[in-house]
Amino acid sequence: MRARDAILGRIRSSLTGEADQDAPSYELWPQGTWTAPTDLFACFADELHRVQGESKRFKSVGDAEQFLEKLHRELGKPRAIFVDHPTCRQLVQAIEGACFLDCGMDRTQLATIPLAILSAAFLLADTGSVVVLPRNHAERLLCFLPDVTVFVARTGCIVPHLSDVWEEITRQASDPSSRGEMLLVTGPSRTADIEKKLVLGAHGPRRLIVTLIDEM
Amino acid sequence: MHEHHSYGMTFDVAATAGLAEPHAPPVVAISAARAVHSKAIASARIPQWETWRETAHRIKAWTIAHLDRLLVQFEQQITARGGKVLWAEDADQANALILEIAKSKGVRTVVKAKSMATEELALNYVLADAGIRSMETDLGEYIVQLAGQRPTHLIGPAMHMSAGEIGRLFADKLGMAYTEKPEDLIAEARKRLRQDYLNAEMGVSGVNFGVADTGTLAVVENEGNGGLSMAAPPVHIAVMGIEKLVPRMADLPVFLNLLARSGTGQALSTYTHFIQGAAPPRELYVILLDNGRTSILADKGARQALYCIRCGACLNVCPVYRRSGGWAYGWVYPGPIGAVTTPHLVPLELSGELPFASSLCGACQEACPVKIDIPHQLLHLRHKAVTRRSPVRSGGERLMWRLWSWANRGPRRYRLLTWLGLRVSLRLPWKPGKPGQWLRAWRRGRELPDIPAQSFKAWWRNRKP
Numbered sequence: 001m002r003a004r005d006a007i008l009g010r011i012r013s014s015l016t017g018e019a020d021q022d023a024p025s026y027e028l029w030p031q032g033t034w035t036a037p038t039d040l041f042a043c044f045a046d047e048l049h050r051v052q053g054e055s056k057r058f059k060s061v062g063d064a065e066q067f068l069e070k071l072h073r074e075l076g077k078p079r080a081i082f083v084d085h086p087t088c089r090q091l092v093q094a095i096e097g098a099c100f101l102d103c104g105m106d107r108t109q110l111a112t113i114p115l116a117i118l119s120a121a122f123l124l125a126d127t128g129s130v131v132v133l134p135r136n137h138a139e140r141l142l143c144f145l146p147d148v149t150v151f152v153a154r155t156g157c158i159v160p161h162l163s164d165v166w167e168e169i170t171r172q173a174s175d176p177s178s179r180g181e182m183l184l185v186t187g188p189s190r191t192a193d194i195e196k197k198l199v200l201g202a203h204g205p206r207r208l209i210v211t212l213i214d215e216m
Numbered sequence: 001m002h003e004h005h006s007y008g009m010t011f012d013v014a015a016t017a018g019l020a021e022p023h024a025p026p027v028v029a030i031s032a033a034r035a036v037h038s039k040a041i042a043s044a045r046i047p048q049w050e051t052w053r054e055t056a057h058r059i060k061a062w063t064i065a066h067l068d069r070l071l072v073q074f075e076q077q078i079t080a081r082g083g084k085v086l087w088a089e090d091a092d093q094a095n096a097l098i099l100e101i102a103k104s105k106g107v108r109t110v111v112k113a114k115s116m117a118t119e120e121l122a123l124n125y126v127l128a129d130a131g132i133r134s135m136e137t138d139l140g141e142y143i144v145q146l147a148g149q150r151p152t153h154l155i156g157p158a159m160h161m162s163a164g165e166i167g168r169l170f171a172d173k174l175g176m177a178y179t180e181k182p183e184d185l186i187a188e189a190r191k192r193l194r195q196d197y198l199n200a201e202m203g204v205s206g207v208n209f210g211v212a213d214t215g216t217l218a219v220v221e222n223e224g225n226g227g228l229s230m231a232a233p234p235v236h237i238a239v240m241g242i243e244k245l246v247p248r249m250a251d252l253p254v255f256l257n258l259l260a261r262s263g264t265g266q267a268l269s270t271y272t273h274f275i276q277g278a279a280p281p282r283e284l285y286v287i288l289l290d291n292g293r294t295s296i297l298a299d300k301g302a303r304q305a306l307y308c309i310r311c312g313a314c315l316n317v318c319p320v321y322r323r324s325g326g327w328a329y330g331w332v333y334p335g336p337i338g339a340v341t342t343p344h345l346v347p348l349e350l351s352g353e354l355p356f357a358s359s360l361c362g363a364c365q366e367a368c369p370v371k372i373d374i375p376h377q378l379l380h381l382r383h384k385a386v387t388r389r390s391p392v393r394s395g396g397e398r399l400m401w402r403l404w405s406w407a408n409r410g411p412r413r414y415r416l417l418t419w420l421g422l423r424v425s426l427r428l429p430w431k432p433g434k435p436g437q438w439l440r441a442w443r444r445g446r447e448l449p450d451i452p453a454q455s456f457k458a459w460w461r462n463r464k465p
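Protein sequence lines correspond, in order, to chains A and B.
The first sequence begins at 1 in the numbering used here and counts up one residue at a time.
The second sequence begins at 1 in the numbering used here and counts up one residue at a time.
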């Protein structure tokens with residue numbers, strides 16, 4: 001407590017006598033500075049591609065299943081895990097031997113899974129970002145540990161930009177019972193620490209694939 | 001202050017050390033130029049970029065003017081979410097807190113995400129002395145840790161090293177076959193650090209923004225090492241400078257945009273984490289670090305230095321930084337922001353030369369996403385450096401300027417001194433243009449003209465019409 005009181009005391013003595021003002025108010029996206037794209041998916045796909053992510057759009061769950069089955073085969077049929085979420089639940093039979101995430105799995109067990117299928121809460125068209133709201137610690141770790149992450153969402157979950165989901169993120173952040181982490185993922189893990197040359201898969205997933213389904 | 005943490009080297013000595021690094025200046029300059037280019041593209045996509053800079057400046061000004069109230073609010077919100085807030089007046093107190101936590105949990109390995117605040121603490125050395133293995137996980141930080149060096153840039157810690165040098169370093173220290181291929185070097189680092197994420201008992205990170213009204217810790221990064229360092233071990237310690245607050249969750253988007261676009265030229269960083277307390281059995285500690293920041297606050301003319309969001313944009317555009325590299329600045333914070341921050345955080349007697357490491361061209365202010373008036377901050381500190389005890393307050397120089405000031409107060413005095421100066425100079429045993437050894441350091445890059453036989457006024461009077 002001594003350090004706390006000393007620091008706050010020094011701050012207060014420096015600020016004594018300064019006029020109190022209201023916090024600044026401003027508009028993040030003033031009118032006329034930005035217009036929502038007419039084709040949200042095209043905009044999202046372009047931006048995701050710009051950050052080396054991949055996007056796939058399917059009309060139905062069946063089409064998405066075929067894609068996942070093919071991807072799994074191309075990757076050499078690695079061990080795969082699905083997050084137990086309504087969007088992922090419909091796809092689990094696409095991958096042979098895949099199972100749902102057991103939230104009791106520890107980091108060592110999770111690190112043995114090369115392919116994870118996760119649920120995206122929202123997608124941001126102007127940055128190609130995925131908004132992830134992990135419900136437990138294992139889900140949080142699955143965003144970073146596998147080599148390949150596939151995020152699944154309804155195509156209707158794409159919003160023009162961050163401001164459109166900020167209210168929801170703020171609502172969750174304001175709730176003291178919400179613990180853990182919310183995450184924006186914009187492309188696969190990367191580094192440019194060696195001569196500013198971009199290399200993917202620094203520590204997290206080397207590939208990030210967003211699978212969008214129109215009718216779900 | 002830990003003995004391994006060399007700080008307050010004079011700019012000149014440190015600059016010489018930096019320049020001796022064979023590839024440093026060209027590699028730094030090339031990488032900085034690339035970063036400037038990426039930032040220009042990323043900011044051009046935002047029509048209201050200038051409005052955002054102005055807005056961020058106003059928010060930071062308001063935050064600093066209400067810092068006591070916001071810190072208390074932030075502490076309450078973190079505590080309500082199961083986190084523990086600890087306060088540290090200086091590096092020693094912060095290190096003692098971290099060691100105490102580590103010892104109580106039986107920690108043997110720590111994984112560390114990139115954090116400038118922990119650089120201030122020289123935390124790796126402190127942990128090593130206590131028998132705890134501390135691994136930097138950001139690739140650039142990992143490289144400089146392996147090389148036994150200090151970071152040279154806020155965003156690109158190993159910016160001074162070429163791929164070849166890193167290849168030789170990895171071959172020497174890790175025993176891998178020499179390669180210059182970044183993909184192979186990174187794969188090796190990934191493989192080794194993956195094991196540390198799985199074994200470490202504690203993770204340490206910095207904080208980019210602490211949100212006062214929700215207790216949210218916003219941390220941005222690109223590699224995934226931050227996510228793994230914060231989430232994989234059961235204990236997470238976040239070290240945060242007390243100035244890193246923003247008042248409301250609503251203020252975050254403008255800062256997230258400005259930071260990513262200015263720092264790395266991205267629309268958003270690859271990973272933007274919003275940490276919300278901790279659910280048992282996991283533990284979260286937030287250490288609020290002063291370490292000289294309240295001294296900056298007490299000096300009204302210097303306060304804007306507290307607005308910094310550590311994007312590194314001012315470094316990339318600075319002609320002095322590009323030539324000298326990061327080590328030249330002698331302490332944790334290089335470049336223009338280092339020149340205005342360090343003299344407050346380490347004694348002026350040791351760092352007083354830093355504000356002079358600038359041409360005052362103003363490029364740093366133009367690049368700064370929160371519009372810190374760095375040139376005026378430098379002038380403010382230059383004034384301090386020459387009026388207080390510092391390396392630039394030399395007795396000889398003060399005497400010389402006093403004489404100059406006296407001579408310029410009247411034409412007769414001026415004529416007398418010029419006449420005297422000419423006579424003395426012409427009779428010196430050496431020519432002023434070649435003043436021998438004692439002015440050698442000063443004359444590096446400067447050339448003195450030969451002393452003419454007569455003054456300009458005498459020449460003017462005698463010239464033929």
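Bear in mind the hints are in silico, worked out from the structure with no lab data behind them.
Every residue gets a Cβ at the ideal spot worked out from N, C-alpha and C, and that includes glycine.
Honestly, I wouldn't trust all of these hints.
Unchecked claim - Across the chosen pairs, the derived CB separations fall in these ranges: (1) A:76 <-> B:184: 36 to 46 Å; (2) A:214 <-> B:279: 33 to 43 Å; (3) A:163 <-> B:40: 20 to 30 Å.
Stated by the list, open to error - Which chain B residues stay away from chain A? Per the calculated CB distances, all over 12 Å, these: (4) 69; (5) 365; (6) 455.
Structure-based check of each hint:
Checked against the hint of 36 to 46 Å, the C-beta distance between residue 76 of chain A and residue 184 of chain B comes to roughly 21 Å, which is inconsistent with it. Take residue 214 of chain A and residue 279 of chain B: their Cβ atoms lie about 36 Å apart, and the range 33 to 43 Å holds. A C-beta distance of roughly 24 Å is found between residue 163 of chain A and residue 40 of chain B, which places it inside the suggested range of 20 to 30 Å. In this structure residue 69 of chain B is not separated from chain A by more than 12 Å, as the shortest Cβ-Cβ distance comes to only about 9 Å.
Against the 12 Å criterion, residue 365 of chain B stays outside the reach of chain A, whose nearest CB is about 20 Å from its own CB. Even its closest Cβ contact with chain A, about 53 Å, leaves residue 455 of chain B beyond 12 Å, as expected for a residue assigned away from the interface.
Of the hints listed earlier, those the structure fails to meet are numbers 1 and 4, in rising order.
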